[in-house]
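If you read the sequences in order, they're chains A, B, C and D. First residue of the first sequence: 45, per the numbering used here; consecutive thereafter. First residue of the second sequence: 45, per the numbering used here; consecutive thereafter. First residue of the third sequence: 45, per the numbering used here; consecutive thereafter. First residue of the fourth sequence: 45, per the numbering used here; consecutive thereafter.
FYI, nobody ran anything at the bench for these hints, they're computed from the structure. Any given hint might turn out to be false.
To be verified - Straight-line distance between alpha carbons at most 30 Å, and here's what the computed DSS-like set of lysine-lysine pairs gives:
| hint | chain 1 | residue 1 | chain 2 | residue 2 |
| --- | --- | --- | --- | --- |
| 1 | D | Lys320 | C | Lys320 |
| 2 | C | Lys195 | B | Lys195 |
| 3 | B | Lys188 | C | Lys320 |
| 4 | B | Lys141 | C | Lys70 |
| 5 | A | Lys188 | A | Lys68 |
| 6 | C | Lys195 | B | Lys163 |
| 7 | D | Lys141 | A | Lys188 |
| 8 | C | Lys163 | B | Lys188 |
| 9 | A | Lys70 | A | Lys195 |
| 10 | B | Lys320 | A | Lys321 |
| 11 | B | Lys163 | C | Lys188 |
Unchecked claim - Distance windows between CB atoms, simulated:
| hint | chain 1 | residue 1 | chain 2 | residue 2 | range |
| --- | --- | --- | --- | --- | --- |
| 12 | D | Lys68 | A | Glu72 | 39 to 45 Å |
| 13 | A | Gly80 | B | Gly327 | 30 to 36 Å |
| 14 | D | Lys141 | C | Ser308 | 54 to 60 Å |
| 15 | B | Glu298 | A | Ile55 | 42 to 48 Å |
Glycine is no exception: its CB is placed at the ideal position from the N, C-alpha and C atoms.
Number of protein chains: 4
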Amino acid sequence: MESDHYNDQAIIGGCSVPVRVNRKSKAEPTTVNVNGILIGSSDVVIFAGPCAVESHEQLLETAKTVKSGGGMILRGGAFKPRSSPYNFQGLGDEGVKMLRDISREIGIPFVTEVMDTRKVEFVAEYADMLQVGSRNMHNYPLLKEVGLTRKPVLLKRGMMATIEEFLLSAEYILSQGNDQVVLCERGIRTFETSTRNTLDLSAIPMLKHLSHLPVIVDPSHGTGLRWMVPPMAKAAIAAGADGLIMEVHYKPDEALCDGHQSLSPDEFTQLMYDLKKIAQAVGREILMPQHAVV
Amino acid sequence: MESDHYNDQAIIGGCSVPVRVNRKSKAEPTTVNVNGILIGSSDVVIFAGPCAVESHEQLLETAKTVKSGGGMILRGGAFKPRSSPYNFQGLGDEGVKMLRDISREIGIPFVTEVMDTRKVEFVAEYADMLQVGSRNMHNYPLLKEVGLTRKPVLLKRGMMATIEEFLLSAEYILSQGNDQVVLCERGIRTFETSTRNTLDLSAIPMLKHLSHLPVIVDPSHGTGLRWMVPPMAKAAIAAGADGLIMEVHYKPDEALCDGHQSLSPDEFTQLMYDLKKIAQAVGREILMPQHAVV
Amino acid sequence: MESDHYNDQAIIGGCSVPVRVNRKSKAEPTTVNVNGILIGSSDVVIFAGPCAVESHEQLLETAKTVKSGGGMILRGGAFKPRSSPYNFQGLGDEGVKMLRDISREIGIPFVTEVMDTRKVEFVAEYADMLQVGSRNMHNYPLLKEVGLTRKPVLLKRGMMATIEEFLLSAEYILSQGNDQVVLCERGIRTFETSTRNTLDLSAIPMLKHLSHLPVIVDPSHGTGLRWMVPPMAKAAIAAGADGLIMEVHYKPDEALCDGHQSLSPDEFTQLMYDLKKIAQAVGREILMPQHAVV
Amino acid sequence: MESDHYNDQAIIGGCSVPVRVNRKSKAEPTTVNVNGILIGSSDVVIFAGPCAVESHEQLLETAKTVKSGGGMILRGGAFKPRSSPYNFQGLGDEGVKMLRDISREIGIPFVTEVMDTRKVEFVAEYADMLQVGSRNMHNYPLLKEVGLTRKPVLLKRGMMATIEEFLLSAEYILSQGNDQVVLCERGIRTFETSTRNTLDLSAIPMLKHLSHLPVIVDPSHGTGLRWMVPPMAKAAIAAGADGLIMEVHYKPDEALCDGHQSLSPDEFTQLMYDLKKIAQAVGREILMPQHAVV
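Please take these sequences and the hints and turn them into a complete structure.
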């Protein structure tokens, strides 16, 4: 499929895995440190928050829900990659600053997406973790630019990317000196139309087999259906995921984007309770803030 | 995609689900009875056995392993759908009879595939459950023929079939008067090549949302990789599967087909032990024979 | 993807091509003879007719249109593989006999689909050519059964079959002693939903590169849209197809199936006129009946 | 699949097409003017050149071949999006300047890819047309940035983008005031592995049905195989393409990238000769430079 050949790689189970991300180059799993929270350890880490930052109230209320429900890292988009130019494009710089303010107020670090090389420096100044979204997994200048920062990076799999290409994109970041990369499976595009994407949970064991980087799963985008998030979240942890990233909104029915796939506060809290049992069944714990209600 | 329209259906979550399989037509889940073993109850049922019946010794030894490891139903192919006409095509009638003999000797019911309408009567006479394989999910004369028997049917999803088409194929069976149908997700074909297929675990909650029929998962064909069977088996149960069907061989390295995706006896026993914990974490139990060692 | 290995094959351009269908085993292209009409020669052969046989009037009028418009072989379904059991399933035996009668009355041979091994003998007695449809490309007992007849076979590519699997299915037929096989590309299943399938015209040069068998294209099923049939029909001939199979109906808006992708008589005649020019631009002719109006 | 809704659109044949690109908003086809060469008129325009600019000699010799063979616009990459960070990444700024110098020396305009928003101003200063590549079709900041220039844009379809998403990406460019956009089909990703991508020629009539923008095809990336470029190039023109973009290299076997899919000078000249006949068969001409040898 891909005509390129590269020199520095390991062949693992028939796959070519580039030099820095492959498991042969580094026996121990990498742990990624987001303001003291470790991803890739024996504990499972939950990221949660709204699709987009919409307003101070929305973000504040949702962030409180996330923290009290047991989420460790807040997610929220300020720069939104929308298929149509006429859809809400996010609050931009103002949204990033709002995330920073509320994150500090509540005491929960946050990850937010950066799409434009010109914005990497700005976002890296405010955010605790940079997200490279699915649509930009093949955006190599952006990968290099986040690789030059010293911020942890959440790299989402392209909806059309093979496992091999996904690891090559991670390698772009590591090749610039930044090894703090978390891989995120978020659903691939197939012929099936009953779900928004097809969540490829086999990517979890495969990525962990090939690479030392931590792997998390996004069941919200992976399914596009609120009621399908709980079973797929459980399945992801059972399959060995190091964490989950989920959309939660304090009022899903009023969300400016992705409301149909966002959990309500109650649904989130209930799910966290159920996830604890699954984590224990595979010998792990869900990492929780001190005062979580779950 | 599909141009047909049919009269008798329910629309559930945007999908057209035909009349007999849809959940609106029957509120209670269907339980399928295979010689007294119920599939679709609160207990999870494990099917296991070799890809193909190869010899009396191979089948007997593997069947013992299956039963002692906690498997409730033996699987094994006598008529094998092989991509190449020059590959081992299975033992045919003799294989079916061998399955029957060993099944009775060990005390474990069995399921085996039927591919040809002319063989349905014969296989139904010997087997406890008829399998319609992935390659024949669109073989409508075969679906009608197994629908005319009074044997339970294991219907595997076509590797290219949408959820809607899968349920329409089940409807073919029910429309002939046989409602004893178990649906099996076994991986779909995508662009990804690191696994044999892409196991679509979101099919589990989707099928159970749309239909009252039980749903099981085949992680062996779904991944094509022995070491990936355990994490995906756990994930399937966490996502709500009513059972699993897995390839087990007493000597995987000597198997005539699919040895690379077959579990050894020890791997199977260890996995069963782990699956018990996952089942309990979702409020279920793995149904086990009385003298299982797990 | 496929774990099987077979002994007798040639490797051509990275593909494994089994022994009887591969081009290395037979330098000359195979020509398939349907009642004296040769497919695979320098002339391009057009198959046309309705999706399904509906009535004597419908078939007779459409057959006349096909012949006067320049079609050489009539197509029409008597056994229809429908996704839903509640859709029109075809006229069955009666439809086959009607095809035979009208074929002889008009003086045009016909091809019709067979889906059930039990019906192969009957259909082979009446039809000039047997079709194995897309949904049955992996139905190996059926492939063997048509391989045992001495009738030419039109084998359609499975909607999610690789080129390698397609040739292996053809090999099943040849392995039984019948080398009169025409391969038909009819669209594959992809993520794209604006067309019914994605017509893979690169299959034409690829199949002719790997195999000596003739290759035709079905732009009606390949697109599912009447207005898209003409450009794709032209493209297929430009890419080297040995023929086309198209749906034509004397009254498309009243068709019991696939009316939206069927050409009207006038559209068919106009298209045939345009196809002549394309064929000549690639150094070929469209084979035409003596009294065609085009 | 996509959860967004946008206000300003037309529904054409079941597809939602945004306001500026849709055919209902503008009855006449758009012609795109690249230094006086019109794309989207009755004449077919050929773009050709190397995958990557490698050296002055390589580019000069290939550019001469392109022009003498009948190509109207030179293509060549200076910024190369490579899956691996360890592959040749292109000559960068120097490559863009070399393209400009040789373009002016030979008298042929050129198109080159831009991947980084920070480079759009620079590339727009030198190039006659800007290319947004397949991997960046969903890179919305880049689309907006090229939309703010007054240079024509060649927008390639993402390898897993639907037709609807492709048109939405074009709309991003038009929404910034730049309507000089040429759409390019370059193959989509499917399960088929015998070709690099699956060239979706049905995209040509579909895009022209939905939009007023011109459509060209890239058979080099679409197939990944040199010998398959000629039949697919012919097919593209037969299906109604307004042009082609093809990889030509003066010494394909020594190319630093994509040599296996690049035509030699002789192959290119022969193909151009054959394409003239196809164009005439559909009532068009290939636009040629005054002193072309074809």
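Pair hint A/Lys70 and A/Lys195, alpha-carbon separation not exceeding 30 Å: Distance of about 21 Å is within 30 Å: holds.
Hinted pair D/Lys141 and A/Lys188, Cα distance within 30 Å: holds (23 Å)
Given the hint of 30 to 36 Å, check if A/Gly80 and B/Gly327 actually sit that far apart at their C-beta atoms. holds (35 Å)
Would the hint linking B/Lys188 and C/Lys320 be met if the CA-CA limit is 30 Å? Judged against 30 Å, a Cα distance of about 44 Å means the pair is violated.
Is D/Lys320 close enough to C/Lys320, meaning Cα to Cα at most 30 Å? Since the Cα atoms of D/Lys320 and C/Lys320 sit roughly 16 Å apart, the hinted pair holds (cutoff 30 Å).
Restraint status (C-alpha distance of A/Lys188 to A/Lys68 at most 30 Å): Satisfied, since the Cα-Cα distance of roughly 23 Å is no more than 30 Å.
Take a quick look at whether B/Lys320 and A/Lys321 sit within 30 Å of each other, Cα to Cα. holds (13 Å)
For C/Lys195 and B/Lys195, compute the direct alpha-carbon distance and say whether it is at most 30 Å. The hint is violated at about 36 Å.
Take a quick look at whether C/Lys195 and B/Lys163 sit within 30 Å of each other, Cα to Cα. holds (24 Å)
A range of 42 to 48 Å was offered for this pair. Does it hold for the Cβ distance of B/Glu298 and A/Ile55? violated (26 Å)
Assessment of proposed distance window 54 to 60 Å (beta carbons of D/Lys141, C/Ser308): holds (57 Å)
When you take the CB atoms of D/Lys68 and A/Glu72, is the distance between them in 39 to 45 Å? 60 Å Cβ-Cβ, so the 39 to 45 Å window is violated.
When held up to the earlier numbered hints, the structure conflicts with 2, 3, 4, 12, 15 and fits the remainder.
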